[in-house]
Amino acid sequence: MHKMVDGKRIELSTTEAKDILDYQAIVKAEEDAQVTAMRDKMNMKMSVLKKIQSNMGLTDDEIKTLF
Amino acid sequence: MATNGAQNIPTAASGKVLQGAGVGSACTFSTPTYPSTSGSSRTILVSDGTNNIYSTETWAVPGSSGNVLTSDGTNWTSAAPSGGGGSLIYIQKQSASSSSTIDFTSVGSYTSWLLKYEGMTPASDGASLRMQISTNGGSSWVSSTYTSGEDSSAYNSATLTNLNSSTNFYCSPLQDSGASTSRTNANIWIVNVASQGTYIYGNGGGSDSSGTTNKFFFGGKTTTSGANAFRMIMSSGNIASGDFILYGIKES
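Listed in order, the protein sequences are those of chains A and B. For what it's worth, my numbering labels the leading residue of the first sequence as 2, then goes sequentially. For what it's worth, my numbering labels the leading residue of the second sequence as 9, then goes sequentially.
In case anyone wonders, no lab produced these hints; they're calculated from the structure. Errors might be hidden in some of the hints.
[As the list claims (entries may be wrong)] Pairs of lysine-lysine, BS3-like flavour, derived with a Cα cap of 30 Å:
hint, chain 1, residue 1, chain 2, residue 2
1, A, 19, A, 51
2, A, 51, A, 65
3, A, 29, B, 223
4, A, 51, B, 223
5, A, 29, B, 258
My request is simple: use the sequences and hints to build the entire structure.
Structure follows, in structure tokens:
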């Protein structure tokens, strides 16, 4: 692993590489949690839309006009 | 025939001047006419498309070093440049090649910067580009106190996807790796506000591995003041490729 510092390529020490990976693990966990929450919310919205579509007899094109 | 005899000098219309036509050749008169008397002070000879005449406007002497010619609506004067003094000052460009981070530690003594990136691709699918600041020239990097986010949408879509972070600044949406179509570009404006913190804001556009374009904007703040170094890092994996160019903003 290496980093670029002001145009110079510098190989990472074992400690520095571990620090970056540990930090990225925290960042990615935060990101993944949001993506999962966002997908859950989207799935919920789709479920509600399907019910509305079914109850009102709407076509897919009619549903698409909402977006 | 060439001759020195005054009686043989040809004649021409008023205002024309006699010109050499080459050694051994007879002199001839110019096609355009010239004024026969001097013009007003500081006017110059200009062509009117047919003849040469004195300009209506006057031209100033150069004046002080660094002055520029400026129109006062009637004449050309010599004056110090005014306005337009601010500019972008190029600092450095770095290129990623499967790099863990791209660090800018020599950033000049500005209070605001423009960091643009072009053709950025992550090494891992579903990773986003982030930025951390440092207040000690890159000896350590701030990993908290941020409130940042990004909103993005695909081409011809009004549906925004929103992501937020407290551990760094968002600078791109989630990106695809690998394919030649997967490239992201953006401008990041960075502003140090005394006693307030460091702010960034920006926008960009790119395309994913299937060639679908997207557009996005982002912004945020860290309460940590006095940023003097910047680190670009993916949320996971390396930065596979991309150019990162930093400019300082000279405000006047």
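Against the structure, the hints:
1. Distance hint between residue 19 of chain A and residue 51 of chain A is unfulfilled; the C-alpha atoms sit about 47 Å from each other, more than 30 Å.
2. Taken as a hint, the residue 51 of chain A and residue 65 of chain A pair is honoured in the structure, with Cα atoms around 12 Å apart against an allowance of 30 Å.
3. In summary, the hint linking residue 29 of chain A to residue 223 of chain B is supported, as the alpha carbons are separated by about 22 Å, within the 30 Å threshold.
4. Under the criterion of a C-alpha separation no larger than 30 Å, the hint pairing residue 51 of chain A with residue 223 of chain B is consistent with the structure, at around 29 Å.
5. The straight-line distance between the Cα atoms of residue 29 of chain A and residue 258 of chain B is roughly 36 Å, outside the 30 Å bound, and the hint therefore fails.
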